[in-house]
Every structure is written in structure tokens, then in C-alpha cells.
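**Student:** Chains as they are written, first to last, in my numbering: chain A, 11 to 454; chain B, 6 to 219.
Wrong hints could be hidden among the right ones.
[Said to hold, decoys possible] Estimated spans, in silico, between C-beta atoms of each pair:
1. A:211 <-> B:149: 45 to 53 Å
2. B:178 <-> A:449: 47 to 55 Å
3. B:81 <-> A:260: 50 to 58 Å
4. B:161 <-> A:439: 41 to 49 Å
5. B:145 <-> A:104: 44 to 52 Å
[Said to hold, decoys possible] Below are the SDA-like pairs computed for lysine to any residue, each with C-alpha atoms no more than 20 Å apart in a straight line:
6. A:219 <-> B:48
7. A:356 <-> A:325
8. A:283 <-> A:387
9. B:140 <-> A:430
10. A:365 <-> A:72
11. A:151 <-> A:174
12. B:140 <-> A:437
13. A:219 <-> B:148
14. B:140 <-> A:439
15. A:392 <-> B:148
16. A:283 <-> B:39
17. B:145 <-> A:222
18. A:303 <-> A:383
19. A:80 <-> A:42
20. B:145 <-> A:365
21. A:443 <-> B:150
[As the list claims (entries may be wrong)] Examples of chain A residues lying across from chain B (beta carbon under 7 Å, computed):
22. 249
23. 279
24. 280
25. 283
26. 284
27. 359
28. 429
29. 430
30. 440
31. 443
32. 447
33. 448
34. 452
Hints were generated in silico from the structure; no laboratory data involved.
All of these numbers come straight from a predicted model, not from anything done at the bench.
Backbone N, C-alpha and C fix where the C-beta goes; we use that ideal spot for every residue, glycine too.
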Amino acid sequence: MKKKILLLTLIIYSTFPLAGVKWDGTLPQIAQDHKTWEILLNELLEKEMYYGALVTAYRGLLYYDNLATKQKAYQTIVTLIDLGYPENVLNMFVTGDIEPADNADFINSYNFYKAIANESKGMKKWADDFFSNIDKDNFYKYLFYLAVQAYAINDHPKSITLLEKILKLPLEKKHLPFIKKAARTLARIYFKQENYLKSLDIYETFLTKLNPITPSDWLEMAWNLYYLKRYQESLGILYNLESQVVTPPHNLENYIIRALVYLDLCATDNVEKLINKFQKTYDSAIQGIINGKPLRNHKELLLIYSNQNKNFYDTQNAINNLMTEYNTKLKQLSKDNQPLASFIYKSEYMMLTKKINFYLENVYNASATQLIMTAESLKFLKFSVMREKFNPDTVFNNILSQDFKNSFEDIGNRGFTLIWEQQGDYWRDERNKYFGDISNQCVK
Amino acid sequence: MAYKILIILSIIVFHSWNAINICHGENNVDERGTLDGVYIKAIETYPNPKPQEFNFGVGLYPYNAYYSGFGLGASYTYYFNKTWAWDIVNGMSFFSFDKDLISVLAEDFGVEPEQIERIEFLVGSNLKYVHSYGKLIFLKKFIRYYRSSFIFGIGLASTNERSYFTGNFGFDINFFVNDSFSVKFEACDSMTLNGSSIASPNYIVVKIITGISY
Numbered sequence: 011m012k013k014k015i016l017l018l019t020l021i022i023y024s025t026f027p028l029a030g031v032k033w034d035g036t037l038p039q040i041a042q043d044h045k046t047w048e049i050l051l052n053e054l055l056e057k058e059m060y061y062g063a064l065v066t067a068y069r070g071l072l073y074y075d076n077l078a079t080k081q082k083a084y085q086t087i088v089t090l091i092d093l094g095y096p097e098n099v100l101n102m103f104v105t106g107d108i109e110p111a112d113n114a115d116f117i118n119s120y121n122f123y124k125a126i127a128n129e130s131k132g133m134k135k136w137a138d139d140f141f142s143n144i145d146k147d148n149f150y151k152y153l154f155y156l157a158v159q160a161y162a163i164n165d166h167p168k169s170i171t172l173l174e175k176i177l178k179l180p181l182e183k184k185h186l187p188f189i190k191k192a193a194r195t196l197a198r199i200y201f202k203q204e205n206y207l208k209s210l211d212i213y214e215t216f217l218t219k220l221n222p223i224t225p226s227d228w229l230e231m232a233w234n235l236y237y238l239k240r241y242q243e244s245l246g247i248l249y250n251l252e253s254q255v256v257t258p259p260h261n262l263e264n265y266i267i268r269a270l271v272y273l274d275l276c277a278t279d280n281v282e283k284l285i286n287k288f289q290k291t292y293d294s295a296i297q298g299i300i301n302g303k304p305l306r307n308h309k310e311l312l313l314i315y316s317n318q319n320k321n322f323y324d325t326q327n328a329i330n331n332l333m334t335e336y337n338t339k340l341k342q343l344s345k346d347n348q349p350l351a352s353f354i355y356k357s358e359y360m361m362l363t364k365k366i367n368f369y370l371e372n373v374y375n376a377s378a379t380q381l382i383m384t385a386e387s388l389k390f391l392k393f394s395v396m397r398e399k400f401n402p403d404t405v406f407n408n409i410l411s412q413d414f415k416n417s418f419e420d421i422g423n424r425g426f427t428l429i430w431e432q433q434g435d436y437w438r439d440e441r442n443k444y445f446g447d448i449s450n451q452c453v454k
Numbered sequence: 006m007a008y009k010i011l012i013i014l015s016i017i018v019f020h021s022w023n024a025i026n027i028c029h030g031e032n033n034v035d036e037r038g039t040l041d042g043v044y045i046k047a048i049e050t051y052p053n054p055k056p057q058e059f060n061f062g063v064g065l066y067p068y069n070a071y072y073s074g075f076g077l078g079a080s081y082t083y084y085f086n087k088t089w090a091w092d093i094v095n096g097m098s099f100f101s102f103d104k105d106l107i108s109v110l111a112e113d114f115g116v117e118p119e120q121i122e123r124i125e126f127l128v129g130s131n132l133k134y135v136h137s138y139g140k141l142i143f144l145k146k147f148i149r150y151y152r153s154s155f156i157f158g159i160g161l162a163s164t165n166e167r168s169y170f171t172g173n174f175g176f177d178i179n180f181f182v183n184d185s186f187s188v189k190f191e192a193c194d195s196m197t198l199n200g201s202s203i204a205s206p207n208y209i210v211v212k213i214i215t216g217i218s219y
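Please put together the full structure from these sequences, using the hints given.
**Tutor:** Pasting the structure below:
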């Protein structure tokens, strides 16, 4: 027995020196030539395989010291950010050591991202150094950075001024993802200032007219309409979120807004239906949480949105898009590039599927918290609504409600409007034209 | 037996309708088109086409045994309101192309028609009743508004032998590209009114027309 213990101890201690050995791996033969990487990168961009292009660019930074390859990689990354690549790629700029050349937009962008990356690591002097290389008066990304900083410290007037300046710049169509971000931020600042009309105007005239639309814009628009007491329009906008086009994760604020509308209108029947629908969808998960069952038994928790789960959603999104590109477009690449592309897609997919597991526990916890909070809010809602129905303060509310009978109304000589009931999922051109046909049910 | 088949088909159709409703997103709403029991309605403004319309297009008269007629035509229409319109003048001139029957008759039976009455032009004046307005999805991508009308009126059909008064009956469907431009499909039967025999010609013409409104 003693000999066995001694042998085991010797085996364990013999592995200790390996801890100090530097890990290294060998690239496959197909991946060792940086020129091949550049050819593949160009083709991926040409075929609009953007997720694969970003991974390829990042791998180029990791594997090659060649400055031309790094320059090309960073140009690709900046281009993809400008196209609206949704995930955070700041870490890719931390080790950047090129002197950016080419056009002013790239030089400004590279220095800007280097500055932000250094700032995030607490290296302020380096950050200031990179900021000094930017055209601070006119570079739209820097102005947006200042606007966001002002917003974070509640300096709304400064933030509004900067955002309005950005939106007046002569930006091009390729800057649309950035323009959307700036417009949305401005709308959110107006909302925070309780300037609901101005906030609503941005959603109505721009954000909800885009295609594809960002579903959260409908939610934020519905909030504005709620606070403006335009309840029927608010419900109509929320109806868009019921469409099959809106994919998970689902934001439970949808239920909260509807609940608040019914509360203000004393709509007890509708509240009951809302709660029944909520329970039908989530009761299994809620009971599981209350009874202390493992959260991982309830996969529906992964379909609930929480703003603490952004890394998880980004990684999941990257996995889905990489798979889609791999399955649908890999064969469109030239035969010479397919093996290398296949290696990149497969290896990245393997890494991301392992990475996502690290987020899962926090995701389940955050989503479970969100779900329970919403459930508790709705639980007491019904009684609040019934109480409000006879509250003297609300009884005399003169909340207007238009009557929406199905009809055909003339407007001028040959023009007319149609009011027609929805039967299910919506038409693309109708998505911002819905109204909930509900009246004020508080007792008068 | 037929009764049993009818019952079975009815059951299948009923369940298929429910399945279609479920596939059509009804699992996302609790009742038909409602949100927590609140009926959701769309309010939208139909495109406002201009009252005067000039049309030109091509037509096909395929229903003659001996020849097909290919026509070029034009018309002018005035819309009084959303329901009634007057196709003030509508004319089409035809070119005829012989079908195989003439050569088959000659080759196989050694006979040849002495004379074939060929349509030369149709002209008419028609009233239109717009019975439908709607919209559809074209090629799964393009949403297009349309309106459809019944046509009835009178006219004149002229052939290489004689002329006939005609009663015109038909329908059209008009797809809007925008308020000023549309594409129309029309089918109209010009029935001769003063033919002397049961073989009086009957000119059914199908047309593709471009409409310019102003």
C-alpha cells in the first residue's frame, strides 16, 4: 500500500515541471502561408461571408507578424464594424502595433479603437496618445463616444448637442448601422428626459421604418406611446412583437407595458387573459424555480432576454451565423480556399461552443431573476386593476378611445382609408399601422 | 357514396383550415388576431390613383379555328369616383396569323376555305364598375395594390367582310406600380348584336395594358 502511495505521489510531482513549459501549437499546413490568408479574406468579403471574414482577420493578427497582413486584418475588422458587426471586438485592438495608413477614415477608426481598448485596460496615457491622433472635431465615432460618456453622467444637453451634430454630418449609406445607433441613443435620451414626443418622433419617422427592423425599437416606441396615453397605438405597436419575425430572446417588458395599459384602462378581462398567456408560456419554469429545481432543466429561460446576458447572445449569434455561412456559402468559395475556410469555420465553431458554456450559469440566473420579477409584478396586477376600476381618481379620467369598427372611409375624391381586423401574422407594409381596439373601462 | 365522400372532404378541409391558421402564426396570438382579447386593427390609406387614365397595350384573340389575332390598342378612361368609371373610347387593331388548320385541311382532306372572316379592329365605349380593391404579394417579395372592375358597354367590330355592333362584357384587374402608373390585365367578350345566324362571331380578347394616370 505504501509503495502504491509513493508511486502515485512520484507520478503527480513529475508533472509539475510541465506547468512551466510554454504552450505552443502548430498551424495546419494549409494555414501557414499568410498570402493564402489574405486571398481567402478577400474572397470571404466578396461573398459577404462577414462572420467568417472577421474570424479570418483575427486569426491573421494572432498567427502572423507580417505588418501588411496586420494592416489588412485591421482594415477588414474596421470595415465589418462599420457594416454593423454586432459583437464587441475591442479585444482585437489591444495588441495592435501597426502604423495605420490608407484612408483617413481607417486611420481615425484604428486610433479610436486603440484608444478605447487602452482606456478599458486602465492605460490612460496610452489612450490619450491614441486619441490625439484622431480628428476630434469631425470624426463621428469620437463624437459619439463623447455623447455616450455625457449620457452616462446624465449630462443630457451635451449628449443631445453632440448626437444632433453627428446626425447632421454628411454620412453615407454605408454608415447606416452607426446612424441607427446614434438615432436610437438620442431617442433614449429624450425618453429619459420625459420628452416623449421627440423620442417618439425618432422611432416613428426613422427607426421603425427600417428593414430589417430592430424589435426593441417597437418596445421603446410602445413605452413612449404609453406615457403619452396613446394606449391603443401602444398595443398596436406591441402586436408587432407577436410576429414570427421576432426571434428569441424575448423581452418580458412587453408584458409589463400591456399590463400598465390595462391598469390605466381598468381592463380586468384583458389583464386576466394577459396573465393566463404569461402563465401558459412560463409556468413550468416559474414552478421549477420556486421549487428549487436546477435551472438548466428549463431551456425556455434561454429565450428570455436580460441585459446582463449580452456576451451570451453575441456568442450565440456568432455561432448561428458561422454555421449558416458554412452550410450555405462555403461551396461558393474557390476550390483552393475551401480547405482553409473549412478549417477556420470548424475551429472557431468548436471554440465558441466551448466558450458559450462558461456563460450559461449566469445566463440562467439572470433570466430566472427576470422571469420571477415579471411574474411577481403581474401577480398583483389583477387586484390593482380591479381596485383602480372604482378609484375616484381614475373614474373621472377622460381617456379618449376611438371606436375602430371595420370600415372603409372616404378621404377626398378618390382616396380612402381602410380599417380591417388582423387575422394573424402581419404584412410588412402594415407593421406600424396597428391599433388595439380597447376602450376605457373605468367606472364613471 | 357521393354523400359520404362529401362529408369526408368537408372534415379534411375543416381541419386543414385550422392547421393553416396555426401555421400562420396563430400560436403567437391567443385568439384570432387579438392581443389578450383586444382586437388589433390596421388602419391604412389606399393609394390614391388619378382620375384620368390613358392606356395602351397588346391583345390576343385566340379563339378562331383558322387564325389568331394579335392586336395593338389604346383607350382613355375617366374615373368618376372609386366605384364607377367610363372607358370613353377603347380601340384595338388586329393582325391575323394563320393557324395550322388551313394547311391540314389542304394536305389531308384536299379542301380549302373559300373565305375566312378576319377581325380587323374593335372599338367600343364601356362602363366600368370597380368591385374590388386589395393588395397581394408578388413573387413572395413585392406588395402590390390592385383594383378590379367589371366591364360592360357597346362597340363596333369590323372584319374584312362586314361590321357588327357589339355588346362588350368583361373584367380587368389593375396593379398599381405607383399613383401614376399601373399594369392591367383585361379580358373582354365583344358579342356581335346584329349577326344573322347562330354562328355570329364572338370576339373574346385578352389584353395586357399599361396605364398612365394623370
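**Student:** Against the structure, test the hints numbered earlier, and report the numbers of the ones violated in rising order.
**Tutor:** Checked against the structure, the hints that fail are numbers 1, 2, 15, 20, 27, 34, while the rest are satisfied.
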